[in-house]
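**Q** Generate the whole structure from the sequences, applying the supplied hints.
These are the residues of each chain, in order.
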Amino acid sequence: QQQVKQSPQSLIVQKGGISIINCAYENTAFDYFPWYQQFPGKGPALLIAIRPDVSEKKEGRFTISFNKSAKQFSLHIMDSQPGDSATYFCAASIGAGSYQLTFGKGTKLSVIP
Amino acid sequence: ETGVTQTPRHLVMGMTNKKSLKCEQHLGHNAMYWYKQSAKKPLELMFVYNFKEQTENNSVPSRFSPECPNSSHLFLHLHTLQPEDSALYLCASSLQRETYNEQFFGPGTRLTVL
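Just so you know, the protein sequences line up as chains A and B, in that order.
For reference, each letter of the first sequence is one residue, going 26 to 138 in the numbering used here.
For reference, each letter of the second sequence is one residue, going 523 to 636 in the numbering used here.
Read the hints as simulated data drawn from the structure, not as lab findings.
It is possible that part of the hints are untrue.
[Said to hold, decoys possible] In the SDA-like style, the derived pairs of lysine to any residue whose C-alpha atoms are separated by at most 25 Å in a straight line are:
1. A:Lys67 - B:Glu589
2. A:Lys130 - B:Gly536
3. B:Lys563 - B:Pro530
4. B:Lys563 - A:Gly120
5. A:Lys130 - B:Ser594
6. A:Lys130 - B:Glu566
7. A:Lys67 - B:Thr538
8. A:Lys96 - B:Glu620
9. B:Lys563 - A:Gln34
10. B:Lys562 - A:Ala74
11. B:Lys563 - A:Phe91
12. B:Lys544 - A:Leu71
13. A:Lys130 - B:Glu578
14. B:Lys563 - A:Ser99
**A** Have a look at this one:
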């Protein structure tokens, strides 16, 4: 019940295209959903996060869509660039102040010119 | 140095060795974390310290022993490890508040157990 399932495992997108990564969860107590971005040789860094009181949050080219009834959330990267090539992790926690983040397995995104 | 630093960046050790990983944060945070990152598996939270007190221990084997002497430094002492312990070990820190707890990660230590 603590799992967060992430798909796809890897994704190749043409420059300028839209990258979409999906996550699903079971635990209805989760109420904070961050996305982390990790470049090779670096640790993950917070990219964008959403709470379930909104269905969408946008920051620049990055958008989180949230479907509470389906217990799913997704990351959309518009106008994907080669510099977006990284591994993306979705996560969930009970409370935004929680120490415990439950992570997905990650999606390796490659944006080709 | 800024952010969260980890040393060494790479470590190869035998199963009978004893070694330590070091983490230092320069962000004035009050919480520090150890994570294990293995290929094709989710990040696994191992330990959490808040104001030097251990608040979480996620059923980690006793061959991993954390130490937090102050709010800026965190160590992970390793002894008699197994090959399956080979992974990237990430340290993180945060300024934990009731409604917000963004974790900042270091670059990790790539550990190989022979």
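**Q** Indicate, hint by hint, whether the structure satisfies it.
**A** Structure-based check of each hint:
1. Of the supplied pair hints, the one linking A:Lys67 and B:Glu589 holds, its CA atoms being roughly 23 Å apart against a limit of 25 Å.
2. Restraint check for A:Lys130 and B:Gly536: not satisfied, since their Cα atoms lie roughly 28 Å apart, outside the 25 Å limit.
3. A distance of roughly 23 Å separates the Cα atoms of B:Lys563 and B:Pro530; the hinted pair therefore holds under the 25 Å criterion.
4. Pair hint B:Lys563 plus A:Gly120 holds up; C-alpha atoms about 23 Å apart against a cutoff of 25 Å.
5. The straight-line distance between the Cα atoms of A:Lys130 and B:Ser594 is roughly 29 Å, outside the 25 Å bound, and the hint therefore fails.
6. Using a Cα cut-off of 25 Å, the hinted pair A:Lys130 and B:Glu566 holds, with the two alpha carbons roughly 10 Å apart.
7. A threshold of 25 Å between alpha carbons decides the hint, and for A:Lys67 with B:Thr538 the separation of about 29 Å lies outside it, so the pair is violated.
8. Of the supplied pair hints, the one linking A:Lys96 and B:Glu620 holds, its CA atoms being roughly 24 Å apart against a limit of 25 Å.
9. A hinted pair counts as satisfied when its Cα atoms are at most 25 Å apart, and B:Lys563 with A:Gln34 qualifies at roughly 11 Å.
10. Among the hinted pairs, B:Lys562 with A:Ala74 is consistent with the structure: their alpha-carbon atoms are about 23 Å apart, no more than 25 Å.
11. Between the alpha carbons of B:Lys563 and A:Phe91 the distance comes to roughly 24 Å, so the proposed pair stays at or under 25 Å and holds.
12. Of the pairs offered as hints, the one joining B:Lys544 and A:Leu71 holds, with about 23 Å between alpha carbons and a cut-off of 25 Å not exceeded.
13. As the CA atoms of A:Lys130 and B:Glu578 are separated by approximately 22 Å, the hinted pair is consistent with the 25 Å bound.
14. As the CA atoms of B:Lys563 and A:Ser99 are separated by approximately 19 Å, the hinted pair is consistent with the 25 Å bound.
Checked against the numbered hints given earlier, this structure breaks hints 2, 5, 7; the rest are met.
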